[in-house]
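Enquirer: Protein chains in written order, with numbering that gives the first Met the number 0: chain A, 0 to 380; chain B, 0 to 650.
Any given hint could be a false lead.
Chain B residues, not near chain A, derived (Cβ > 10 Å throughout) [stated by the list, open to error]: (1) R6; (2) R8; (3) G13; (4) R26; (5) E37; (6) K108; (7) P243; (8) Q263; (9) E321.
Derived DEER-like restraints, expressed as beta-carbon distance ranges [to be verified]: (10) T152/B / D53/A: 30 to 40 Å; (11) Q41/B / K196/A: 45 to 55 Å; (12) Q123/A / W28/B: 30 to 40 Å; (13) L11/B / F106/A: 37 to 47 Å.
These aren't lab readings, by the way, just hints derived from the structure by calculation. We put the beta carbon where it would ideally sit given N, CA and C, even for glycine.
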Amino acid sequence: MLPQSISSRASKLSRRDPTAPLRHIDPVLIGCTVVLSILGVIAVYSATRGPGPDFSKSYLYRQTMFMVIGAGAMVFCSVVDYRKLHDWAWSFYGITTALLVLVVSPFGSEVNGAKSWFSLGPFQMQPAEFAKLSLIGVLAFLLSEFRSDIDIRRLVALLGTAALPMALIMLQPDLGQTLILLAIMMTMMLVGGLPTKYIAVLTIVGVVGVVGALNSPLLADYQRNRLTAFVNPSDTSNAAVYNIEQSQQAIANGGITGQGLFDGPQTKLGFVPEQETDFIFTAVAEQFGFVGASMMLFLYGLLCYRIWRIAQVAKDAFGTYLCAGVLAMFAFSAFENVGMAMGIMPVTGIPLLLISAGGSSTITALAGLGLVLNVYMRRFQ
Amino acid sequence: MDTTSPRLRMSLLGVVVAACFIALFARLWYLQVLEAPELSVQATANRTRTVATEAPRGRIFDLKGRVIVDNRTSLIVSIDRNELKKVKDRDDLIARLADVLTANGAPIKISTIEKRLSEKNSDQLQAVPIATDVTEEVIHRLSEYAEDFPSVTYERKTVRVYPYGSTASNVLGYTGRITAEILKKIEPGTDPDGVEKTYQPDSTVGMAGVELTYEKELRGTPGIELVQVDFKNRPVGTESYQPPKSGNDIQLHIDIEVQMRAEQALVERLDVLRGTAQRDGAIRGAPAGSVVVLDPRDGGVVALASAPSYDPQEFAAGITQERYNQLQDINGASALIDRSITGQYAPGSTFKLVTAAAALSNGLIDANTSIYDDGVYRVGNPIQEFTNAGKEKYGNVNVVRGLTVSSDVYFYWLGDRMDGTTLIQDAATAFGFDKRTGIDLPNESAGYVLTKAEKKALSNKYPDAYPDGDWYTGDNVQLAIGQNVIVVTPLQLARAYAAFANGGTVYQPHVVWKILKPNSTTTDPSDVLRVIEPVVTGTVTLPPDVRGPIASGLEGVTSGLGTAASAFVGFDQQAFPIVGKTGTAQVDGKADTSLFASYGPALSPKWVVTAVMEESGFGAEASGEVTRRIYEVLANQALTGAGIATNGSMD
Numbered sequence: 000m001l002p003q004s005i006s007s008r009a010s011k012l013s014r015r016d017p018t019a020p021l022r023h024i025d026p027v028l029i030g031c032t033v034v035l036s037i038l039g040v041i042a043v044y045s046a047t048r049g050p051g052p053d054f055s056k057s058y059l060y061r062q063t064m065f066m067v068i069g070a071g072a073m074v075f076c077s078v079v080d081y082r083k084l085h086d087w088a089w090s091f092y093g094i095t096t097a098l099l100v101l102v103v104s105p106f107g108s109e110v111n112g113a114k115s116w117f118s119l120g121p122f123q124m125q126p127a128e129f130a131k132l133s134l135i136g137v138l139a140f141l142l143s144e145f146r147s148d149i150d151i152r153r154l155v156a157l158l159g160t161a162a163l164p165m166a167l168i169m170l171q172p173d174l175g176q177t178l179i180l181l182a183i184m185m186t187m188m189l190v191g192g193l194p195t196k197y198i199a200v201l202t203i204v205g206v207v208g209v210v211g212a213l214n215s216p217l218l219a220d221y222q223r224n225r226l227t228a229f230v231n232p233s234d235t236s237n238a239a240v241y242n243i244e245q246s247q248q249a250i251a252n253g254g255i256t257g258q259g260l261f262d263g264p265q266t267k268l269g270f271v272p273e274q275e276t277d278f279i280f281t282a283v284a285e286q287f288g289f290v291g292a293s294m295m296l297f298l299y300g301l302l303c304y305r306i307w308r309i310a311q312v313a314k315d316a317f318g319t320y321l322c323a324g325v326l327a328m329f330a331f332s333a334f335e336n337v338g339m340a341m342g343i344m345p346v347t348g349i350p351l352l353l354i355s356a357g358g359s360s361t362i363t364a365l366a367g368l369g370l371v372l373n374v375y376m377r378r379f380q
Numbered sequence: 000m001d002t003t004s005p006r007l008r009m010s011l012l013g014v015v016v017a018a019c020f021i022a023l024f025a026r027l028w029y030l031q032v033l034e035a036p037e038l039s040v041q042a043t044a045n046r047t048r049t050v051a052t053e054a055p056r057g058r059i060f061d062l063k064g065r066v067i068v069d070n071r072t073s074l075i076v077s078i079d080r081n082e083l084k085k086v087k088d089r090d091d092l093i094a095r096l097a098d099v100l101t102a103n104g105a106p107i108k109i110s111t112i113e114k115r116l117s118e119k120n121s122d123q124l125q126a127v128p129i130a131t132d133v134t135e136e137v138i139h140r141l142s143e144y145a146e147d148f149p150s151v152t153y154e155r156k157t158v159r160v161y162p163y164g165s166t167a168s169n170v171l172g173y174t175g176r177i178t179a180e181i182l183k184k185i186e187p188g189t190d191p192d193g194v195e196k197t198y199q200p201d202s203t204v205g206m207a208g209v210e211l212t213y214e215k216e217l218r219g220t221p222g223i224e225l226v227q228v229d230f231k232n233r234p235v236g237t238e239s240y241q242p243p244k245s246g247n248d249i250q251l252h253i254d255i256e257v258q259m260r261a262e263q264a265l266v267e268r269l270d271v272l273r274g275t276a277q278r279d280g281a282i283r284g285a286p287a288g289s290v291v292v293l294d295p296r297d298g299g300v301v302a303l304a305s306a307p308s309y310d311p312q313e314f315a316a317g318i319t320q321e322r323y324n325q326l327q328d329i330n331g332a333s334a335l336i337d338r339s340i341t342g343q344y345a346p347g348s349t350f351k352l353v354t355a356a357a358a359l360s361n362g363l364i365d366a367n368t369s370i371y372d373d374g375v376y377r378v379g380n381p382i383q384e385f386t387n388a389g390k391e392k393y394g395n396v397n398v399v400r401g402l403t404v405s406s407d408v409y410f411y412w413l414g415d416r417m418d419g420t421t422l423i424q425d426a427a428t429a430f431g432f433d434k435r436t437g438i439d440l441p442n443e444s445a446g447y448v449l450t451k452a453e454k455k456a457l458s459n460k461y462p463d464a465y466p467d468g469d470w471y472t473g474d475n476v477q478l479a480i481g482q483n484v485i486v487v488t489p490l491q492l493a494r495a496y497a498a499f500a501n502g503g504t505v506y507q508p509h510v511v512w513k514i515l516k517p518n519s520t521t522t523d524p525s526d527v528l529r530v531i532e533p534v535v536t537g538t539v540t541l542p543p544d545v546r547g548p549i550a551s552g553l554e555g556v557t558s559g560l561g562t563a564a565s566a567f568v569g570f571d572q573q574a575f576p577i578v579g580k581t582g583t584a585q586v587d588g589k590a591d592t593s594l595f596a597s598y599g600p601a602l603s604p605k606w607v608v609t610a611v612m613e614e615s616g617f618g619a620e621a622s623g624e625v626t627r628r629i630y631e632v633l634a635n636q637a638l639t640g641a642g643i644a645t646n647g648s649m650d
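Make a model of the complete structure from these sequences and hints.
Expert: Written as structure tokens, this is what we have:
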């Protein structure tokens with residue numbers, strides 16, 4: 000049980016209080032977030048302005064707006080004591096699950112064969128993004144309740160909690176987001192003290208499941224092709240192979256120092272598909288080269304390091320699990336997204352958080368970082 | 000050890016995440032640093048398309064700077080046969096195209112379009128020209144409704160223009176669309192700036208004549224535009240552009256005025272003779288002939304006529320297979336063969352020049368050595384008889400008279416005396432027979448002058464064609480009058496007479512005189528890139544006691560009792576004396592080949608003129624007549640000064 004007095008004290012900021020949250024913000028995490036967000040807006044603009052001479056600025060404005068909203072969400076998620084959020088976790092989970100049900104119902108909009116979005120006037124909302132955050136919340140809640148003492152009953156409860164949104168997202172279908180939820184679940188259970196034997200069993204089941212799924216009618220042909228394209232890069236009948244080739248050529252075209260901002264021909268001429276979202280890394284790599292792209296990866300890595308570090312210094316297990324979940328969300332999105340663009344991971348549509356265009360993903364990412372900051376700021380309270 | 004300790008688990012997570020980032024860095028390094036050069040090339044190839052524009056070919060001038068091959072722009076509407084196969088409303092499309100063409104000044108029937116499409120002239124990959132020289136209006140309409148005309152393409156092409164029509168077509172040759180075969184093996188030349196004149200699958204290339212041999216000079220540097228395209232292959236800009244540059248101009252030794260006269264005289268004479276009977280009653284087929292006019296001072300080719308001939312204009316916009324076949328059979332002869340360099344004929348009595356030179360220079364005879372010619376010469380056992388043409392008896396004959404009246408008996412005797420040696424063959428080789436002259440035109444023949452050993456070798460190699468490999472005295476006797484074991488090209492014959500005329504220098508004949516800069520004038524010396532210098536391929540030793548008697552003999556041919564006197568009646572030989580030799584070569588079962596070889600003016604020869612006419616009879620009455628008409632032009636040039644080139648003296 001948490002001491003009730005802590006949250007009430009936090010609201011009364013005192014200059015003399017050495018445990019005051021604002022004295023303990025993480026400038027490195029905030030710095031990385033701000034730089035990556037600005038880079039993201041620039042990358043999105045460069046990938047969507049077109050070859051000219053009339054450059055399109057709509058993505059620039061939208062992404063800037065999302066960043067501002069996301070900044071608000073980040074502030075909100077960091078100022079309200081995360082232990083209070085502890086009590087809201089199930090409500091948030093309930094709301095996102097309801098939205099996931101709604102989105103596959105006739106209320107959702109179908110884009111490219113997937114029912115992943117709600118149309119809200121000129122904007123779209125993607126509930127799967129928010130589901131990641133809600134899953135992190137409830138899993139952190141459950142794991143902190145279980146206190147590293149997990150038996151088969153509790154394991155089933157954990158798996159069931161994660162399986163519900165994953166199943167709903169597969170119905171859309173959105174394989175990428177499902178895999179991210181899977182990564183979040185596995186990471187949090189690992190950190191949450193799941194006995195090693197269960198981890199071994201889950202790993203075996205996971206491997207068998209992936210192999211089985213690839214050979215089963217559960218996956219559509221295009222999904223199978225996309226997943227296996229990186230394994231058979233010479234199969235030219237596979238449309239995904241073309242995308243990966245174009246993407247890798249664009250990245251290579253950046254060379255060491257890059258073609259310069261707005262001067263990446265592959266980016267400008269639209270050879271890489273979905274380059275403002277799934278393949279945004281190609282825009283960064285072609286324009287800024289190895290110097291710029293590795294700097295971006297370094298900032299991303301530094302961000303992940305800070306989250307990992309905060310997970311370790313958290314005051315309580317709930318905070319640790321929250322951070323582990325957010326770390327999984329960032330690290331595995333980045334690995335899958337960037338790895339796909341460079342041809343070492345399967346093609347699945349996952350945004351590169353903070354960089355890719357998208358309202359839901361940007362707001363989710365910044366809110367998640369807000370939670371991490373929250374945990375850090377309150378590590379002495 | 001507690002495997003569920005949060006510390007251990009966090010470390011494990013840290014290792015996994017770190018490993019992921021290290022993998023990303025490694026891959027990024029591989030793509031952007033190690034593999035970047037190769038992948039960037041692919042990327043560039045992906046986003047650019049090369050669009051080549053053919054540059055105008057160089058123009059061709061004659062000796063006096065007259066443009067004889069020029070360029071003009073032609074608008075051509077074509078149909079891509081491969082694309083047409085994919086068109087659903089094919090027949091409607093062709094009807095629509097016929098309508099647009101007809102309504103805009105290029106009337107055409109649907110059946111004509113179908114006929115062009117079904118022709119097998121070009122390889123199937125090529126767009127078939129449907130209408131050439133259409134108006135801008137047609138192009139305007141077709142591009143305005145482009146979606147209604149799939150597979151229909153149009154292009155602006157510079158095509159060859161021949162201000163003198165078919166004149167010199169055998170020399171100029173023609174151009175055509177490059178074939179896959181040529182494209183594979185052709186080596187592009189470079190322009191004066193060192194830029195390679197690359198070929199594309201639809202490039203125009205020289206196919207014959209000077210267009211072929213000087214392809215590297217004449218071809219322009221194609222304009223190469225690297226067009227940037229977007230992912231849907233739509234052009235969005237230009238990555239680089241190299242404008243097309245015209246090819247080098249060239250100036251020929253050919254004097255188009257002389258060339259025109261040669262062709263005209265040849266064709267007219269053939270037409271007159273065709274179907275008439277020669278002396279022994281054989282009907283003259285007179286299907287073909289050729290004329291060579293050389294400058295004996297440097298081997299420059301002043302005229303090279305071959306009949307029948309073709310109009311290169313017909314090839315400029317693409318020729319049909321039907322017409323091509325027609326050209327291969329005009330009065331039984333192909334118009335596509337340049338007989339002046341490819342035709343091989345027994346030289347007949349024109350070869351007596353060589354026999355006489357061999358006998359005189361080897362001391363077998365001198366100017367006064369004479370025999371009694373009773374019209375028949377007998378050799379061998381059993382006795383074989385060789386007679387003069389028409390069994391004419393010439394009485395006492397020395398070498399001078401023997402040449403003037405063309406006593407075969409005198410030369411049979413020389414042949415008999417030189418039997419067992421290769422003196423005649425050696426002299427022939429010295430005069431440039433038995434090997435290609437090396438003229439700068441394609442498809443030249445070498446001719447042959449057989450020796451005893453060669454005849455044997457030939458018979459061993461082709462026993463069916465040459466069953467008898469033995470050498471008889473009769474062979475040498477016949478060789479002495481240019482029959483049986485010898486064939487020569489008209490150009491070789493002209494070159495031998497040129498060597499005699501200039502005192503013994505055997506030149507490699509050349510059609511091209513100068514290579515000029517693109518778009519040059521022929522009057523500015525700074526426009527000359529290089530001059531084709533005369534090449535000496537050999538010499539004949541002609542001391543006065545050899546050359547004198549032969550020259551005297553040949554001088555008599557065109558007057559008095561000479562065999563060609565009839566052809567030169569009325570020609571002012573006081574002002575422009577002509578030296579020559581007739582030849583009448585027998586061909587089994589056909590009328591004789593008529594030959595005439597000559598030079599003039601006698602004392603300072605400026606021109607060698609030879610004519611060879613197939614199945615046309617006695618030397619003088621066919622070739623002699625043609626030669627005389629050419630000398631009318633040459634003498635006029637020499638006597639009025641009209642022969643001086645506008646861009647400097649010939650000397």
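Enquirer: Checking the smallest CB distance to chain A, is R8/B really beyond 10 Å?
Expert: violated, 5 Å
Enquirer: At 10 Å, judged by beta carbons, does R26/B keep clear of chain A as stated?
Expert: Since the minimum Cβ distance to chain A is about 5 Å, R26/B lies within 10 Å and the statement is violated.
Enquirer: Take a quick look at E37/B and tell me if its Cβ sits farther than 10 Å from every Cβ on chain A, holds or violated.
Expert: violated, 8 Å
Enquirer: Are Q41/B and K196/A spaced within 45 to 55 Å by their CB atoms?
Expert: holds, 49 Å
Enquirer: Does the claim that R6/B lies outside the interface with chain A hold up, using a Cβ gap greater than 10 Å?
Expert: violated, 8 Å
Enquirer: Taking the minimum C-beta separation from P243/B to chain A, is that value above 10 Å?
Expert: holds, 26 Å
Enquirer: Does G13/B really sit off the interface, with its C-beta more than 10 Å from all C-beta atoms of chain A?
Expert: Its Cβ does come within 10 Å of chain A, the nearest being 5 Å, so this is violated.
Enquirer: Verify that the Cβ of E321/B lies farther than 10 Å from every Cβ atom of chain A, and report whether the claim holds or is violated.
Expert: holds, 44 Å
Enquirer: For T152/B and D53/A, compare the CB-CB distance with the range 30 to 40 Å and indicate the outcome.
Expert: Since T152/B and D53/A have Cβ atoms about 31 Å apart, the given range 30 to 40 Å holds.
Enquirer: Is the claim that Q263/B lies outside the interface with chain A correct, judged by CB distances over 10 Å?
Expert: Correct as stated: the minimum Cβ-Cβ distance to chain A is 62 Å, above 10 Å.
Enquirer: Hey, is K108/B genuinely clear of chain A, shortest beta carbon separation above 10 Å?
Expert: holds, 45 Å
Enquirer: Do Q123/A and W28/B keep their Cβ atoms within the hinted range of 30 to 40 Å?
Expert: holds, 37 Å
Checked against the numbered hints given earlier, the structure breaks hints 1, 2, 3, 4, 5 and satisfies all the rest.
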